[in-house]
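Undergrad: Okay, here's what each chain looks like letter by letter:
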Amino acid sequence: MRAQRFLGYAYLAPYLIGLIIFTAIPFLTSLYLSFTSYDLMSSPQWTGLSNYTRLFTRDRTFEKSLSVTLLYVFSTVPLKLAFALFIAAILNYKIRFINIFRTAFYVPSILGGSIAIAVLWRYLFSTEGLVNMALAGLGFSAVDWFGDPTNALFTITLLRCWQFGSAMVIFLAALQSIDKSLYEAAAIDGAGKVMTFFFVTLPLLTPVIFFNLVMQMVQAFQEFNGPYIITQGGPLKYTYLLPLYIYEEAFKKFNMGYASAIAWVLFAIIMVLTLVAFWSSKKWVYYAGDKRS
Amino acid sequence: MTDISLAKTSARTLDEAAAARRARMHLMSSVIRYALLFAVGFLMLYPLIWLVGASFKTNSEIFSGAGFLPQSPTVEGYVQGWQTSTPYTFGRFFWNSFLIILPKVIGTAISCTMVAYAFARFDFPFKKILFGSVIAVLLLPNVVTRIPQYILFRDLGWLDSFLPLWVPSALAGDAFFVFMLVQFLRSLPTDMEEAARVDGANSLQTLVFIVVPMLGPALVSVCLFQFMWTMNDFLGPLIYISSVDKYPVSLALKLSIDTTEAFEWNRILAMSVLTITPALVVFFVAQRYFIEGISAGGRKG
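Read top to bottom, the protein sequences are chains A and U.
Following the UniProt record's numbering, the numbering of the first sequence begins with 1 at its first residue and continues without gaps.
Following the UniProt record's numbering, the numbering of the second sequence begins with 1 at its first residue and continues without gaps.
I should point out that these hints are in silico values taken from the structure, not numbers from a laboratory.
Ideal Cβ positions, reconstructed from N, Cα and C, are used throughout, including at glycine.
Among these hints, one or two may not hold up.
Claimed, not checked - Sample of chain U residues lacking proximity to chain A, with all beta carbon distances greater than 12 Å (derived):
no., residue
1, Arg92
2, Met192
3, Val220
4, Lys246
What the hints assert, rightly or not - In the DSS-like style, the derived pairs of lysine-lysine whose C-alpha atoms are separated by at most 25 Å in a straight line are:
no., chain 1, residue 1, chain 2, residue 2
5, A, Lys180, A, Lys193
6, A, Lys64, A, Lys237
7, U, Lys254, A, Lys252
8, A, Lys253, U, Lys128
9, A, Lys252, A, Lys64
10, A, Lys252, A, Lys237
11, A, Lys252, U, Lys246
12, U, Lys128, A, Lys282
13, A, Lys237, A, Lys253
14, A, Lys193, A, Lys64
15, A, Lys237, U, Lys254
16, A, Lys253, A, Lys94
17, A, Lys253, U, Lys254
18, A, Lys94, A, Lys180
Chain A with its partners taken away, still in its complex shape (with noise of 0.2 Å):
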């Protein structure tokens, strides 16, 4: 047995060394480094708090960013994933050809993050793009995408939930895995096709929904190709997503100190907002065969 306990970690060896090198280590580093100010010329100088407190008191560039960033978060992911949870329950009935329509539907996904699509998307919303020609077809007038603040923003959402394939694929799985006998049951019951969906399929899946969550919105806090390559941040920083902003402060001027200090603050939001989803997921996430519902 003695024998074994040492087999397990010699196979478990490449995920600990790159633990504690790639993961713990620079995690705590970054976490000094927030309390320091650093250059990469000379090393790091302790300053305490006032990364920080500049941060909050005084950039207003970090107070746009950040509610650019919440509102990019709260608007893309229920969008995305009621979209994605829609597609699949269309899916989930006895369609024809599910297989042809669920490959159709993943393609963005699988393309989505590439940078091509980002450029394609530049073009798809330029002032003379295909979007504003197909607008002109259909009589209306053509839309300003990159000049107005909201419409910016709403373009990167666009994209992402373009790409609503993945979470769509998961949510048909669980779909599909039902039990029929519930809804030939509701059905006896007298249930309408509305009140089966909200009172037996919506709760069987809060579980894939829960996942989806959790999965999407960290994600979304870390969009940075669509910004970086679309928007460019603009128009007047309407755009400029924490993690874009971070890339500049840390990669374009090297101020690694302060970037690690918004890096920080961003994590923190997405860790709080985590454990507020499992915390309140007790509340109403609903695990088939578990006496607490």
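For this one, chain A is given, so just place chain U on it according to the hints.
TA: Just chain U, lined up with the frame of chain A:
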């Protein structure tokens, strides 16, 4: 007598009417369903279809109509886009992408298999805590470790090389894959492995000859996802790669929108088509693995 039969017929007609109504409703709702699916599918895929068409258009035609078919198809965009404004052609950038992807995928597959094997088949002290750390790493936003990692790689002299992109993955840094393989391995029976052990195979032999073949489909999913993510990765190369001769396609594409002054969109769109082609081909050849990988991850999570 007649009364009863009359009542019967009227009941039957009522039934038939209800059935007909139900059938009509059913037909209506499935028409709506298909119409919706087609509309959504068309809206979603049209930009991609259009992209392919537009890459064969001239630069002026791109801005003149929303149609898919080019009026006078030309490969000018491809020819000029391939040349780029740098001393290198796009062929070089594809080769660089390949050089990043191949070691990274191999390293990921080997290290994640080992780690998953440890978690699924061995007992060791602190196993629960360590497995908890996999979930923690999975949820940990990269943004918080990126800066110290950069400093570490700078101190090691690894900047402007592919090492910062390879090494963390070769040390099972992508927790998602570890998690996926552990879940998959736990669902497999252990009798084959026990039989091998009885026959005198050691744990490494068991891993290589019994477990790896059984892990087959899950490992294919891991490799495909890693391929796709690395192909699409932009921030990693952006931070670590600074010389143009080492650029992967994602950076080269970004460079081409920065350097073509008047936005030669036909070139940019042509190169966009080329950069998404490998991912698309791999996806269509092996889509089963993607869909299964994604759904398994979600169900188990």
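Undergrad: For U:Val220, is the shortest CB-to-CB distance to chain A above 12 Å, so the non-interface label stands?
TA: The claim holds: U:Val220 sits with its nearest Cβ about 16 Å from chain A, beyond 12 Å.
Undergrad: Would you assess whether U:Met192, listed as outside the interface, keeps its beta-carbon beyond 12 Å of every beta-carbon in chain A?
TA: 18 Å, holds
Undergrad: Regarding the pair A:Lys180 and A:Lys193, is the alpha-carbon distance no greater than 25 Å?
TA: 14 Å, holds
Undergrad: Beyond 12 Å from chain A, beta-carbon-wise, is U:Lys246?
TA: About 16 Å separates U:Lys246 from the closest Cβ of chain A, which puts it past 12 Å; holds.
Undergrad: Holds or violated: A:Lys252 with U:Lys246, Cα cutoff 25 Å?
TA: Holds, at about 20 Å.
Undergrad: Given the proposed pairing of A:Lys253 with A:Lys94, does the C-alpha separation stay at or below 25 Å?
TA: 56 Å, violated
Undergrad: A:Lys252 and A:Lys64 were given as a pair; does the straight-line alpha-carbon distance stay at or below 25 Å?
TA: This hinted pair holds, its Cα atoms lying about 20 Å apart.
Undergrad: Can you confirm whether the C-alpha distance between A:Lys94 and A:Lys180 stays at or below 25 Å?
TA: 13 Å, holds
Undergrad: Quickly compare the C-alpha distance for A:Lys237 and U:Lys254 to 25 Å and report which way the hint goes.
TA: At roughly 21 Å apart (the allowed maximum being 25 Å), U:Lys254 and A:Lys237 satisfy the hint.
Undergrad: Decide if the proposed pair is consistent with the structure: A:Lys252 and A:Lys237, CA atoms, cutoff 25 Å inclusive.
TA: This hinted pair holds, its Cα atoms lying about 17 Å apart.
Undergrad: Does the structure keep A:Lys237 and A:Lys253 at a Cα separation of 25 Å or less?
TA: It holds: about 17 Å lies between the C-alpha atoms, which stays within 25 Å.
Undergrad: For a C-alpha distance cap of 25 Å, please report whether A:Lys193 and A:Lys64 respect it.
TA: 44 Å, violated
Hints 8, 14, 16 from the earlier list are contradicted by this structure; the remaining hints agree with it.
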